[in-house]
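Asker: We have chain P; now place chain L onto it with these hints.
Spelled out, the chains give:
2 protein chains.
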Amino acid sequence: MTLDELYTPCLIADKGIVKRNIDRMNKQAERLGVALRPHVKTAKSVEVALMINGGSVGPITVSTLREAEYFAAAGFKDIIYAVSMVPEKLDRAKDIIDRGVDLKMIIDNADVARAISDAGVRYHRVYKLMVEIDVDMHRAGLSPDDPEMLNVARAINDGEGTELAGVLTHAGESYHSKNEEDLIAAAQNERDLIVRAAENIRAAGLPCPIVSCGSTPTATHAKDLSGVTELRAGVYVFQDLYQAGSGNADAESDLALSVLTTVISHKKNQNRIITDAGGMALSKDQSTRGTDFDAGYGLVADIDGKIIDNLYVCSANQEHGIITTRDGSAFDFDRFPIGTRLRILPNHACMTAAAYDKYNVVDGGREIVEIWNRCNGW
Amino acid sequence: MTLDELYTPCLIADKGIVKRNIDRMNKQAERLGVALRPHVKTAKSVEVALMINGGSVGPITVSTLREAEYFAAAGFKDIIYAVSMVPEKLDRAKDIIDRGVDLKMIIDNADVARAISDAGVRYHRVYKLMVEIDVDMHRAGLSPDDPEMLNVARAINDGEGTELAGVLTHAGESYHSKNEEDLIAAAQNERDLIVRAAENIRAAGLPCPIVSCGSTPTATHAKDLSGVTELRAGVYVFQDLYQAGSGNADAESDLALSVLTTVISHKKNQNRIITDAGGMALSKDQSTRGTDFDAGYGLVADIDGKIIDNLYVCSANQEHGIITTRDGSAFDFDRFPIGTRLRILPNHACMTAAAYDKYNVVDGGREIVEIWNRCNGW
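Residue numbers (the working numbering), protein chains in the order written: chain P, 2 to 379; chain L, 2 to 379.
Bound conformation, chain P alone (with noise of 0.2 Å):
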């Protein structure tokens, strides 16, 4: 099967572009004398996490129990559920340990550190917590010099259902940063920040094991990492236009997603074609609009991948791309006759391929090498 054949629209991962993202990333996190913990959030795909980990089980970060499930039945032990846990999902995270997996959930309150206690104790099962630490007013969590920030730390430590792991940030505002100068502060207080959490935490007598930290960002310009045990990124192994955007990624050769699509209808009197791919295919993403990299629901790429110049998807109904020049320009509609296959390079990767049950893998060229699993939903 090639991408000539493919229905469409369809969603392709390019294998190279993902492995040179992993091994930069690799890399990176080797230089700063840190583990990596990817989060597995954007692929959701095992045999994504396992290339990570050069073809073994590794830890990994999920932002779903969905995710946890998953992975966990693939045989990943070693995992971090990264969005604040309540009680009531508690008996779906005893069931993830009940399979073998070291489970690491986090919290910001100190009554739900009692609650997921008392919990443990029903169950007879030690929860393992970390204190959601909040570095840049992004998210969740608490500050590290927070009184509040102690109390959950030792209400954990104290409950006799749970066990304190250590503490875990991400600099969600470091997507946000407009320069080199700016994500490299980003990281720098991300690091700061997390490290001065684990030492009020031992400070206080308490112990702080893991230091997590981490977005694609801060991971790609941090400069020192002293302190901190773990280091957390996950759209870097396909990377979008929005990390190309924010200077943490080349928009020509880092960008491994793309989404497959036919090209259904010309419309002469505006200028404009239209595809297959429309918002249900792409998603509504727009992170880039208001950017100097605004690129409207995505750029537009030739069935082999190479963008095209001055093209882009300026709106998106649910089943149709609309496909304009950016500068206005007379449309050049003998290029791209119905039926013109073309990629669409997305905004953001961890939403688009989210309306996808699988990857069609190429390796540079046209053929489908590998199909790769994603598991979506809650």
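Just so you know, the hints here were simulated from the structure itself, not pulled from any lab data.
Wrong hints could be hidden among the right ones.
Put simply, identical chains are the same to the list, so a pair is met inside one copy or across any two.
[As the list claims (entries may be wrong)] Below 25 Å or equal to it, Euclidean Cα-Cα: the simulated PhoX-like pairs (lysine-lysine) are: (1) K224 with K16; (2) K90 with K269; (3) K90 with K359; (4) K307 with K359; (5) K224 with K359; (6) K90 with K78; (7) K224 with K179; (8) K307 with K16; (9) K20 with K224.
Answerer: Relative to chain P, chain L alone:
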């Protein structure tokens, strides 16, 4: 099972509201004297499609061949695939026809008509094609008075492997109507131009049995559809915030779809709470953005579906939905302890439902009275 027990995030549909929405549109079609051919692209669910037609199979519109296959397997026999067909996909269409389905497809190009006819001859099939008409420069199709429109009709009619089944349009720009007067005008324009296309075809001595138009906004506001044979609409079965903001639905009583979510973190220093329904669970659709009805990534209702004043989902990370007050007033954290269940009303039902493989169906209360399937993908 009740809403208090489901794992979150998950998709909820309220059967009573769906039924009311269905009844209203059925009555509207009856009043207008046209057949209703619902667009099943929103619910993508056999159960919902059957409900529209009083429990038996009826004519439907689909947006993907996967939907056509899914509904064909459930016994639906009269299907329009309302996205421009290309020859590359004809073998799937053939298989659908071979299951006894009267499948109609749409095109807007004479070369495509000839290529499909050639394939028909090769496969010993006659493909039924409709000419897509453009009434408002929204998407694909040809203007009714464009000479090319007649060329396409003639090419279909003359082709040995094709049969001219009629004309079809979708007044997609009606989604941007600003008030009732605009909506009524958009409906009238859609009717006038699709009928003119049919008249032009007939005046050229060609057949035009089906004259198909519609969208939820124009179907809701049409006053007269004389000359039209069938009306299409899709999102009305669930409605959503975009439809409510556009005057096609009432936000308090007509919205049948919601995402059940759990409060997972209190971010007191930022006056917000965090739930487990983020961009993956809600979609990144922001179609109400910039309108008077801007709902961010969704409005917030309690577990029983009652909208909570002054709250909205202001931001959506992959698995985190961030809720704050619309007017910046102090958040009442005590009212929403961690673990509280909420229901998020989506901007765009079609996009939000796509993240799920089933509907948990309530009927006013909290009890799950049915599970409805849905199909996804292509």
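Asker: Hint by hint, say whether it matches the structure.
Answerer: How the hints compare with the structure:
In this assembly of identical chains, K224 and K16 lie within 25 Å of each other by CA distance neither inside one copy nor across copies; the values are 28 Å within and 56 Å between. Taking the shortest alpha-carbon separations for K90 and K269, only the inter-copy value of 23 Å comes in at or below 25 Å, while the best intra-copy value is 54 Å. Taking CA atoms no more than 25 Å apart as the test, K90 paired with K359 passes between copies only; the shortest distance there is 20 Å, against 27 Å inside one copy. In the homo-oligomer, the alpha carbons of K307 and K359 lie at most 25 Å apart inside one protomer (23 Å), although the nearest pairing across protomers, at 38 Å, exceeds that limit.
In this assembly of identical chains, K224 and K359 lie within 25 Å of each other by CA distance neither inside one copy nor across copies; the values are 36 Å within and 46 Å between. Proximity of K90 to K78 under the C-alpha cut-off of 25 Å is restricted to the intra-copy arrangement: shortest distance 19 Å within a copy versus 43 Å between copies. Taking identical chains as interchangeable, the C-alpha atoms of K224 and K179 lie at most 25 Å apart only when both belong to the same chain, with a minimum of 18 Å there against 53 Å between chains. Taking the closest pair of Cα atoms, K307 and K16 come within 25 Å of each other only inside a single copy of the chain (16 Å); across copies the shortest separation is 48 Å, beyond that limit.
In the homo-oligomer, the alpha carbons of K20 and K224 lie at most 25 Å apart inside one protomer (23 Å), although the nearest pairing across protomers, at 59 Å, exceeds that limit.
The structure fails hints 1, 5 (numbered hints given earlier, in ascending order).
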